[in-house]
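A.B. asks: Here is what each chain is made of, one letter per residue.
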Amino acid sequence: MSESTLTAPLADSTLRLVVPAATLRTATDVLGALVEECRVRFDDEGLHVAAMDPATVASVSLDLSPSAFETYEVEDKRLGVPLERLDDVLSMASGDDLVSLTLDPETRRLHVAVAGLEYTMALVDPDAIRSPPDLDELDFEYSASVTLDSGALSRSVRAADMVSTHATVGVDPDTDAFVVSASGDTDDVAHRLRRDELVDCSVGEAESLYSVDYLRSIVRPIPAGTDVTLRLGTEVPLSLSFATADGAGQVEYALSPRIARH
Amino acid sequence: MSESTLTAPLADSTLRLVVPAATLRTATDVLGALVEECRVRFDDEGLHVAAMDPATVASVSLDLSPSAFETYEVEDKRLGVPLERLDDVLSMASGDDLVSLTLDPETRRLHVAVAGLEYTMALVDPDAIRSPPDLDELDFEYSASVTLDSGALSRSVRAADMVSTHATVGVDPDTDAFVVSASGDTDDVAHRLRRDELVDCSVGEAESLYSVDYLRSIVRPIPAGTDVTLRLGTEVPLSLSFATADGAGQVEYALSPRIARH
Amino acid sequence: MSESTLTAPLADSTLRLVVPAATLRTATDVLGALVEECRVRFDDEGLHVAAMDPATVASVSLDLSPSAFETYEVEDKRLGVPLERLDDVLSMASGDDLVSLTLDPETRRLHVAVAGLEYTMALVDPDAIRSPPDLDELDFEYSASVTLDSGALSRSVRAADMVSTHATVGVDPDTDAFVVSASGDTDDVAHRLRRDELVDCSVGEAESLYSVDYLRSIVRPIPAGTDVTLRLGTEVPLSLSFATADGAGQVEYALSPRIARH
Numbered sequence: 013m014s015e016s017t018l019t020a021p022l023a024d025s026t027l028r029l030v031v032p033a034a035t036l037r038t039a040t041d042v043l044g045a046l047v048e049e050c051r052v053r054f055d056d057e058g059l060h061v062a063a064m065d066p067a068t069v070a071s072v073s074l075d076l077s078p079s080a081f082e083t084y085e086v087e088d089k090r091l092g093v094p095l096e097r098l099d100d101v102l103s104m105a106s107g108d109d110l111v112s113l114t115l116d117p118e119t120r121r122l123h124v125a126v127a128g129l130e131y132t133m134a135l136v137d138p139d140a141i142r143s144p145p146d147l148d149e150l151d152f153e154y155s156a157s158v159t160l161d162s163g164a165l166s167r168s169v170r171a172a173d174m175v176s177t178h179a180t181v182g183v184d185p186d187t188d189a190f191v192v193s194a195s196g197d198t199d200d201v202a203h204r205l206r207r208d209e210l211v212d213c214s215v216g217e218a219e220s221l222y223s224v225d226y227l228r229s230i231v232r233p234i235p236a237g238t239d240v241t242l243r244l245g246t247e248v249p250l251s252l253s254f255a256t257a258d259g260a261g262q263v264e265y266a267l268s269p270r271i272a273r274h
Numbered sequence: 013m014s015e016s017t018l019t020a021p022l023a024d025s026t027l028r029l030v031v032p033a034a035t036l037r038t039a040t041d042v043l044g045a046l047v048e049e050c051r052v053r054f055d056d057e058g059l060h061v062a063a064m065d066p067a068t069v070a071s072v073s074l075d076l077s078p079s080a081f082e083t084y085e086v087e088d089k090r091l092g093v094p095l096e097r098l099d100d101v102l103s104m105a106s107g108d109d110l111v112s113l114t115l116d117p118e119t120r121r122l123h124v125a126v127a128g129l130e131y132t133m134a135l136v137d138p139d140a141i142r143s144p145p146d147l148d149e150l151d152f153e154y155s156a157s158v159t160l161d162s163g164a165l166s167r168s169v170r171a172a173d174m175v176s177t178h179a180t181v182g183v184d185p186d187t188d189a190f191v192v193s194a195s196g197d198t199d200d201v202a203h204r205l206r207r208d209e210l211v212d213c214s215v216g217e218a219e220s221l222y223s224v225d226y227l228r229s230i231v232r233p234i235p236a237g238t239d240v241t242l243r244l245g246t247e248v249p250l251s252l253s254f255a256t257a258d259g260a261g262q263v264e265y266a267l268s269p270r271i272a273r274h
Numbered sequence: 013m014s015e016s017t018l019t020a021p022l023a024d025s026t027l028r029l030v031v032p033a034a035t036l037r038t039a040t041d042v043l044g045a046l047v048e049e050c051r052v053r054f055d056d057e058g059l060h061v062a063a064m065d066p067a068t069v070a071s072v073s074l075d076l077s078p079s080a081f082e083t084y085e086v087e088d089k090r091l092g093v094p095l096e097r098l099d100d101v102l103s104m105a106s107g108d109d110l111v112s113l114t115l116d117p118e119t120r121r122l123h124v125a126v127a128g129l130e131y132t133m134a135l136v137d138p139d140a141i142r143s144p145p146d147l148d149e150l151d152f153e154y155s156a157s158v159t160l161d162s163g164a165l166s167r168s169v170r171a172a173d174m175v176s177t178h179a180t181v182g183v184d185p186d187t188d189a190f191v192v193s194a195s196g197d198t199d200d201v202a203h204r205l206r207r208d209e210l211v212d213c214s215v216g217e218a219e220s221l222y223s224v225d226y227l228r229s230i231v232r233p234i235p236a237g238t239d240v241t242l243r244l245g246t247e248v249p250l251s252l253s254f255a256t257a258d259g260a261g262q263v264e265y266a267l268s269p270r271i272a273r274h
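Protein sequence lines, in the order shown, are assigned to chains S, H and R. If you use the working numbering, the first sequence corresponds to residues 13 to 274, in order. If you use the working numbering, the second sequence corresponds to residues 13 to 274, in order. If you use the working numbering, the third sequence corresponds to residues 13 to 274, in order.
Straight-line C-alpha distance at most 25 Å; calculated SDA-like pairs for lysine to any residue:
| id | chain 1 | residue 1 | chain 2 | residue 2 |
| --- | --- | --- | --- | --- |
| 1 | R | 89 | R | 262 |
| 2 | R | 89 | R | 136 |
| 3 | R | 89 | H | 198 |
| 4 | S | 89 | R | 198 |
| 5 | S | 89 | S | 118 |
| 6 | S | 89 | S | 264 |
| 7 | S | 89 | S | 27 |
| 8 | S | 89 | S | 262 |
| 9 | S | 89 | R | 200 |
| 10 | S | 89 | S | 75 |
| 11 | H | 89 | S | 198 |
| 12 | H | 89 | H | 77 |
If you are wondering where the hints come from, they were derived from the structure by calculation, not from laboratory data.
Construct the complete structure from the given sequences, taking the supplied hints into account.
C.D. replies: See below:
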């Protein structure tokens with residue numbers, strides 16, 4: 013990649029961040045579930061990413077407030093970040109290690125320093141990265157909301173994966189249970205979590221069909237022991253959100269429904 | 013598979029079992045070493061399976077008495093069970109979890125419930141599954157018997173596997189040792205366990221040649237720390253048996269000998 | 013391999029060794045990093061191996077004094093040893109197990125006994141194995157020497173591997189730091205260890221380019237927690253040495269430099 017693909021506004025700007033490796037690794041894993049590179053926006057309120065997978069089936073937004081960082085010195089700025097390479101670098105660090113990120117205004121490359129390692133990373137032109145639609149502007153009607161442990165959610169997806177490529181995610185208003193179910197050629201499966209097995213539950217009629225592959229990709233990077241909140245409806249996107257960085261960050265996935273066979 | 017392949021006698025029968033996941037998983041692993049599906053027979057004395065691998069080289073019998081189950085309510089019945097799918101379901105459970113198995117008399121499918129999971133499994137026509145010969149009717153002359161730890165047996169097989177596809181299993185009457193040996197193109201190997209390294213030993217002259225692939229498949233699913241009893245002779249099938257389900261179950265493999273090169 | 017390929021001098025000789033499995037396994041791993049078979053020489057001062065990889069890029073020498081062995085009874089002798097098969101046998105042993113090695117003067121095969129296993133190994137004609145040049149006779153000018161933990165060295169190599177197939181290994185005389193760096197098409201990386209992160213350091217100007225693949229192969233078998241001494245210069249082979257067998261053994265690798273692109 014030639015450096016001329018980096019946009020001029022970066023030229024004189026400064027960016028100096030220090031952040032725990034675990035925080036940054038969760039961020040790259042969460043984003044890497046859907047895209048290979050992403051546009052990161054920095055402002056006074058912190059770091060913001062919105063991305064959509066190439067097939068436009070799922071999107072993700074990630075926000076980290078300045079309090080998630082040990083050092084947060086940055087002018088308003090946008091960077092195009094290659095996620096896999098950043099993940100490679102972070103794989104050399106322990107979770108407690110502090111990662112230092114500095115933008116070199118001359119070369120317009122990102123210096124990543126962690127645990128004795130100094131990595132100089134070519135960035136991607138942020139204008140060459142596609143924007144997702146702004147999900148906040150879409151007005152979906154969610155009829156139910158469920159909060160559960162990420163491990164239980166992961167088991168639900170794994171159960172559906174045994175028999176089909178698609179899973180029905182919903183709530184059963186009669187029993188207040190959260191249910192993920194799937195039907196294969198010969199076998200059916202349902203994974204059911206009762207109200208007392210959920211962290212929180214606000215139940216209405218809700219049932220939509222989603223791709224198991226996407227569900228698996230989305231659920232995999234969520235750290236163990238995380239409370240995940242699902243907002244559900246009938247044939248609407250699944251909203252899946254959780255806090256990160258000890259509450260200083262927020263992640264939200266939106267996954268489009270598939271049309272059920274009738 | 014259409015449901016019409018399930019035989020009529022199941023139609024009005026009942027079957028309700030509750031059993032620890034670990035017990036059922038050992039059973040599916042032991043049977044899965046030789047076959048993909050098996051015919052399970054239930055009567056007042058418990059669950060019985062006899063199966064032979066497609067190449068008719070090895071057979072296995074498994075018996076679980078009603079005391080191996082928390083609940084054992086079943087009329088005389090035969091079911092054709094797809095082992096790999098049952099194993100998939102059990103892989104979602106912890107060993108202590110209780111698995112509930114119920115036959116739906118209408119759909120003739122097996123309901124498997126464990127750890128929040130409800131799996132509905134299409135069964136196989138039991139009449140479409142080949143029967144093994146009744147090994148009890150075959151009158152082999154065993155000249156020696158050896159009981160040893162499953163880990164030691166596994167090491168013996170692994171040793172033979174280094175140099176050849178066939179292993180000689182026998183006892184050395186001079187030294188009362190159990191010996192597994194193999195000869196390759198350039199190298200030879202012998203794994204020898206002395207009487208004091210065996211749990212039990214009743215020694216006579218015995219030596220036969222067996223397939224290492226089959227030995228490996230048979231030994232792999234035996235849980236660590238299990239006492240395994242081998243009955244041995246000269247050019248007769250190897251009998252390999254052990255208790256399961258805390259003594260409420262019994263497994264026996266029989267492996268046909270290969271003709272030695274002379 | 014026919015036994016006639018074994019040379020006559022072995023015919024009446026004796027060789028009886030007893031050695032901890034861990035000592036022998038480190039030796040086979042260290043040698044196996046570069047060659048599949050090697051010529052082992054025995055004399056009053058112990059066991060000696062010198063070997064060079066088929067591409068003649070790297071060589072290794074290994075010496076184990078008689079004190080590394082529980083039993084060391086051997087006349088002057090040379091054996092050609094197939095390393096992978098010996099490694100297979102050792103994989104059956106625990107580190108504390110004692111391995112007994114005996115040369116059968118009749119069959120000229122090596123008897124390896126460990127943990128109930130008796131393995132009879134065909135040897136390789138030692139005259140058919142290529143000799144490396146004697147590195148002691150080559151008079152390289154090393155300008156710096158660094159001793160560091162094997163784990164830190166391994167991280168350096170892994171860092172370089174992220175961006176390139178070649179790494180620059182050197183010291184920075186200004187900061188007394190040991191530096192491994194690499195340049196890829198878009199990204200650069202440097203792994204830097206300051207003097208206080210090194211076990212020992214004697215610094216002069218030194219910088220050479222080496223193959224990352226070779227560095228990785230060489231560093232991998234070095235046991236965790238080992239102090240490794242590097243001797244460095246400008247466009248000279250890298251010397252990498254460490255003690256083994258609790259100080260009763262010594263290993264030295266020499267890795268030829270690559271010509272840097274200018």
